[in-house]
Amino acid sequence: MEHLPDDVLVAVMQYLGVQDLFACRLTCKRLASLVLHRDVWRVKDISDSEGCVCPVLHLAPCLRRLSVCFPKTRCRDAYTSTRCAVAELKISFRKKSGAMHATAVICRQEALGRLKNIGILLDKKTADLAADADESILLRTLASTSGLVGLLVFGISLPTTAQAMMGITVSTPSLQRFVCDLCPNSEHFVNFILAGHASTLESVALTCSAGVAGLTSTAPLLASLPNLRVLQSWHLVGMGAVAACEKLNELRIFVSSRREDEPVEGAADLLRRAKHLKKVQLSYFPPARSAEDIGVDLVTVLAAGRSRSHLESLCIENSQLRSNEHHFPQREALLHALPSLSALVHLKVLAVVDPDELLLAIRPDMVPALQHIGVRLPREKCAHAWIHSHTARAVLKVNPSIHVKLDALTPACSLQTCQACVLGCHEVMKSRNPDKYKKYKLTSFTVFSHDPMDKCAQSHTVVNENTLWIHIPVV
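Just so we're aligned: the sequence shown equals residues 1 to 475 in UniProt numbering.
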C-alpha cells in the first residue's frame, strides 16, 4: 500500500463509512493525515439520527449534507462552533423549541462559506414556534442567507407580515430553486424570496392544501422571473400573467376540483397563453369525480393553447394511492385533446381505473409521435394477468413502437384461479409482490412488442429495483 499515491487512497476512502474512516486514523500517520483530506468528506452525508455527530463536526473539514433534528440536548456548541463546512443543511423539528439554535447553525455555516442548499421542515402537529417569535427570526435568517442555490421550507405556522420582512435585504441574488408552502401564513415570506431572487430563480414549487383563493400578490411576482423554467403551483388568481416567462417549459398545476371558491381561470389562461411548454402535469386534489368538477377540462384548454405543437410530455393525476375509488372524468377531454398534441411523446395517466378502454382508444394516427404511455392499475387487477390479456396484445399490435408502463399494487396475484399466474411464467413479477408492510408500494413494469435490438429511444434495461422491462412478441 505504501506504493499507492495519495490521490488513489483518497478516492478509495470516499467509499468508507465514518467509523471505518476513524479507524484508519489509528493505523499510521499517513492514513491519519489522508483521512482528513477534504475530498474524502465532501461526498459524505451525515445525519444525527444515526448517532452522535460530534466527532465528525470536530474533525471533518467539510460534508456534502448534514441532517439535524432540533432541539438538541447534547453537543449543542459543536453545531455552532464547528469548522466543518456543509454544502447542504436539512433541518427538522420535533418539539416546540430549537428555532434559535437552528438559526445559529445556519449563520455558522453561512460564515464558513460553503452552504448552498437548505431544507427546513416545521411539523405543524408538534411545532408551535410562534409563541416566542423564534420562527419569525428563523425565516428572516433564511431570507437573508447569502450564496444559497436551493431553499425548501415546509410547515410555516406563524403568519408572516410585510413588516416582519422589513429591514432585511438580498445583497446578491443567487437562489435557483425554491420550494415552499403557499398559504396566507407564508405569503409575505414567499413574495420576499421571489422578489429578492427574481433574476436567478429557475425552478419554483409552491405547494398548499387550501386558502390560496385570496392570494393575489404572488402571481405577478412569478411573472417577473425572467429565467423561470419550472413551475409547480396551485391555481392562483392572475396566474395567466406567468405566460410572459419566455423560458417556462415545465409546468405542474395542482387543482382543487371541488372548491368552488377557488376558480381555475388563472390556470386556464396560463395553459392557453404559454408559448414554450414541453412538459405539463395536471394534479387533482382531491380527485375529480365527474365531468362537472372544477378544472376537468383544463387538458382541452391546453390542446387549444399556443404550446400544443411543442408539448412532449403530459401527465394527468387523479388518484389517491390509498383510496379504493375509481374515477377518471378527464378521459373524454383527454381523448379529444390528443390529436392536437402533435409532438406528444410521453403520456401518463395516474388514475386508478381499468386502463383498457383508454389504451384501445389511442391510435397511432391520433398521436403519431407517442412512444410511451403510463397507466396505473387498480389494486384488484393483476399486472401479470394484464400482460397476458387480449387488450395488451391488441394495443401493442396496433402501436408496435409504443411502450406501456404499468404502475401496479398487485404485480402478480398468485391465485389458482388466475389463468396467467398458473402458467408459471414471468416469475420475476411474483418476486415483486409487496409484503404486508408495504402494501401500498407501487411496482412498475414496462411492456413492449418490437425487437429489443431495433433502434429505439428506450434502453429496455432495468432502471432501478422498481422497474422491469417485459418483451411481448406480437405476431
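Everything labelled a hint here was simulated from the structure, so no lab data went into it. Be aware that a few hints might be false.
[Claimed, not checked] Quick list of simulated restraints, FRET-style, between CB atoms: (1) G17 x T467: 46 to 56 Å; (2) T467 x R74: 24 to 34 Å; (3) A291 x D454: 34 to 44 Å; (4) F154 x A291: 41 to 51 Å; (5) P61 x P400: 53 to 63 Å; (6) A343 x L121: 11 to 21 Å; (7) P339 x A111: 56 to 66 Å; (8) E246 x T216: 19 to 29 Å; (9) L112 x E265: 13 to 23 Å; (10) D454 x P5: 39 to 49 Å; (11) H471 x I168: 54 to 64 Å; (12) T216 x H58: 18 to 28 Å.
[Said to hold, decoys possible] With a cut-off of at most 20 Å between alpha-carbon atoms, the simulated SDA-like pairs for lysine to any residue come out as follows: (13) K278 x S203; (14) K72 x T103; (15) K397 x P378; (16) K455 x P400; (17) K279 x E292.
Remember, predicted model here, so these are calculated numbers, not experimental data. No residue lacks a Cβ here, since even glycine has one placed at the ideal position from N, Cα and C.
Comparing the hints with the structure gives:
1. G17 x T467: 46 to 56 Å: Once the Cβ atoms are compared, 28 Å apart, the range 46 to 56 Å for T467 and G17 is violated.
2. T467 x R74: 24 to 34 Å: violated (42 Å)
3. A291 x D454: 34 to 44 Å: The hint (34 to 44 Å, Cβ to Cβ) holds, given that A291 and D454 are roughly 40 Å apart.
4. F154 x A291: 41 to 51 Å: violated (34 Å)
5. P61 x P400: 53 to 63 Å: Hint holds: Cβ distance 56 Å, inside 53 to 63 Å.
6. A343 x L121: 11 to 21 Å: violated (38 Å)
7. P339 x A111: 56 to 66 Å: Cβ of P339 to Cβ of A111: about 58 Å, so the range 56 to 66 Å holds.
8. E246 x T216: 19 to 29 Å: With Cβ atoms ~23 Å apart, the hint holds.
9. L112 x E265: 13 to 23 Å: violated (48 Å)
10. D454 x P5: 39 to 49 Å: Distance hint for D454, P5 holds at roughly 46 Å.
11. H471 x I168: 54 to 64 Å: holds (59 Å)
12. T216 x H58: 18 to 28 Å: Between T216 and H58, where Cβ atoms are some 50 Å apart, the hint is violated.
13. K278 x S203: holds (15 Å)
14. K72 x T103: The hint holds at about 13 Å.
15. K397 x P378: The hint is violated at about 24 Å.
16. K455 x P400: holds (13 Å)
17. K279 x E292: violated (26 Å)
Hints 1, 2, 4, 6, 9, 12, 15, 17 from the list above are not met by this structure, while the remaining hints are.
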